[in-house]
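Trainee: If you want the building blocks of each chain, they are given just below.
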Amino acid sequence: MTTTDIGARPVIDELIDGPTVLSITEEAWISLVGEDEVLVPIPGELPADVVSSWVDVVGPWTGSVVLTTSRRTAEDLSRALLRESAPEVLEEEDVVDAFGEIANVVGGSVKAVLPGHSALSLPSVGTAPEIRNPADVCRIDVLWRGEPIVISVQGALPALPPHSTTP
Amino acid sequence: MRALVIDDSRAMRRIVSSILTGFGYEVRDAGHGGEALDVLNEGWVPDLATIDWNMPVMDGLQFVSAVRANPAWRSMTMMMVTSESEHTQIVRALAAGAHEYVIKPFTADAIRDKLALLGLLPQEVAL
Amino acid sequence: MTLTATSFDWVRQVVHRESAIVLAPGKEYLVEARLLPIARQKGLADVGQLVDNVRTRPNPEDTRRIVEALTTNETSWFRDGDPFTTLTTTVLPSLLSARGPNERLQIWSAACSSGQEPYTIAMLLEDAMPNAAGRVSITATDLSREMVERTRAGRFSQLEVNRGLPAAMLVRHFSRAGSEWEVNSTLRRMVTASECNLAAPLPRMGPFDVVYLRNVLIYFDLPTKQAILRRVRALMKPDGWLFLGAAETTLGVDNDWERVVLGRSSAYRPLKGA
Chain C
1 MTTTDIGARP VIDELIDGPT VLSITEEAWI SLVGEDEVLV PIPGELPADV VSSWVDVVGP
61 WTGSVVLTTS RRTAEDLSRA LLRESAPEVL EEEDVVDAFG EIANVVGGSV KAVLPGHSAL
121 SLPSVGTAPE IRNPADVCRI DVLWRGEPIV ISVQGALPAL PPHSTTP
Chain P
1 MRALVIDDSR AMRRIVSSIL TGFGYEVRDA GHGGEALDVL NEGWVPDLAT IDWNMPVMDG
61 LQFVSAVRAN PAWRSMTMMM VTSESEHTQI VRALAAGAHE YVIKPFTADA IRDKLALLGL
121 LPQEVAL
Chain G
1 MTLTATSFDW VRQVVHRESA IVLAPGKEYL VEARLLPIAR QKGLADVGQL VDNVRTRPNP
61 EDTRRIVEAL TTNETSWFRD GDPFTTLTTT VLPSLLSARG PNERLQIWSA ACSSGQEPYT
121 IAMLLEDAMP NAAGRVSITA TDLSREMVER TRAGRFSQLE VNRGLPAAML VRHFSRAGSE
181 WEVNSTLRRM VTASECNLAA PLPRMGPFDV VYLRNVLIYF DLPTKQAILR RVRALMKPDG
241 WLFLGAAETT LGVDNDWERV VLGRSSAYRP LKGA
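Chains as they are written, first to last, in this note's numbering: chain C, 1 to 167; chain P, 1 to 127; chain G, 1 to 274.
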């Protein structure tokens, strides 16, 4: 960022990198999913039927921290979190609760890395917010128990025009 | 000993409750600060409350302030357990009256260490 | 998978013998994941080679690293509490009254791992005495270069600062550094970290007023324990204090120490004339 270009705002690559997002996610996994749970940083192919959980971060950088995986894996994750209190048949609200809490914990740690003060939304679960600016995305791909999960820290604002003039 | 686990996520309430039950605590839970105040107003005042920050209806910081305003609840130790992990947020919570602060993500050992610091770990677990 | 059944069994036996913790069958992947950083750091191709090396040429320091990697996720701050609280309640007042106002206190953290112990000591002293940074120097040593570098950096993950560090001390002595927390520069200046092998002749250091030598002796045989205690004593002031781990003692190992009960724990002081 330069002081002369008032219209500039940071894109996520300037604020956080993939290895940091990976270590944040690994710590969340150890805490929530289980102390022996390992994430392998290898990309896999997501199926067509996916579900996302995310939290929004609003501050000097504004966007979402999004986890996307197959519906089946989201259910397995929810069972892992709920353990003995998991119901026989998982309801949508169980997945919203548990998968959403993972986004909350990952999002909270991402927010702490970003400069300045930001606010964190309550988690949502469903179809991920659209990517407004492909240059404002930090994405990592991991395998959990062999199943692919994508973690994406993505801006919510469209790209600025290339030669923004200051008023 | 008694603990009140306050978090809007049922999964998180399950995780914290099972850790505390493992240490011998009798545990109740609440989905937000307002529900937690209802439990206290019933007369069930625990030794420990674990408190999430971001919750609907009444957030954790408002709950801490409400507890601080009532001298009858002074014996209760308040420990934030939250994904809010900025330096300034921790300072805010301590200034509002929280006694301790655990940042999500945490492990069971982290809760045990904090309870040991607070003198809230039954002796047989501490040894 | 590089770990053979024989290697896994050996790891299980060692972990059980040293820590009484049972690694269930099927935890091979856990052993792999936890030991891989140690193997890499030693320039070995995989965990199988690491285990084979230690099996064929037993080595207490590597054994300790393996056991620690498999039994503790993170080192706690204020681990075992009392050896730290008694530092400010008993040891420090006695030392300050015995020393001149311009004499520097020297403290040695002799197996500092990733730095929790020396920085715990630094925080306590900073909170307990004015101008601690000008009056105390803390020497932190470890066999592992990686641990020495981590101690020097003074940076800790979120999971690490969650382990037994009071929140008030976290906000007073640390600042955020990316996804980690960094010890403030005042404390970092109090701590000097270097590599040191306790089982070999020690470098010229000290003389120390206080030595923390905790959870190290348990990994060595009796003659080595005796040699280490003798070498440590030679680097201490005659009225210095030694803290050992909760399961360790000089009794029956080296008789040239006096045991002093402090709260629920003990410290050891060189016997006069020994």
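No wet-lab data here; the hints were simulated from the structure. Just to be clear, a hint being listed does not mean it is correct.
Below, computed lysine to aspartate or glutamate pairings styled on DMTMM-like, alpha-carbon distance capped at 20 Å [unchecked claim]:
hint, chain 1, residue 1, chain 2, residue 2
1, G, Lys27, C, Glu45
2, G, Lys27, C, Glu92
3, G, Lys27, C, Asp56
Far from chain G by the CB rule (all over 10 Å, computed), these chain P residues [unchecked claim]:
hint, residue
4, Arg2
5, Gly31
6, Trp44
7, Met76
8, His87
9, Phe106
10, Leu117
Glycine included, each C-beta is placed from N, C-alpha and C at the ideal position.
Trainee: Are the hints correct? Go through all of them and say.
Mentor: Quick rundown of the hints versus the structure:
{"no.": "1", "hint": "G/Lys27 with C/Glu45", "verdict": "27 Å, violated"}
{"no.": "2", "hint": "G/Lys27 with C/Glu92", "verdict": "33 Å, violated"}
{"no.": "3", "hint": "G/Lys27 with C/Asp56", "verdict": "37 Å, violated"}
{"no.": "4", "hint": "Arg2", "verdict": "22 Å, holds"}
{"no.": "5", "hint": "Gly31", "verdict": "24 Å, holds"}
{"no.": "6", "hint": "Trp44", "verdict": "26 Å, holds"}
{"no.": "7", "hint": "Met76", "verdict": "17 Å, holds"}
{"no.": "8", "hint": "His87", "verdict": "5 Å, violated"}
{"no.": "9", "hint": "Phe106", "verdict": "5 Å, violated"}
{"no.": "10", "hint": "Leu117", "verdict": "6 Å, violated"}
Hint compliance for this structure: hints 1, 2, 3, 8, 9, 10 are broken, all remaining hints hold.
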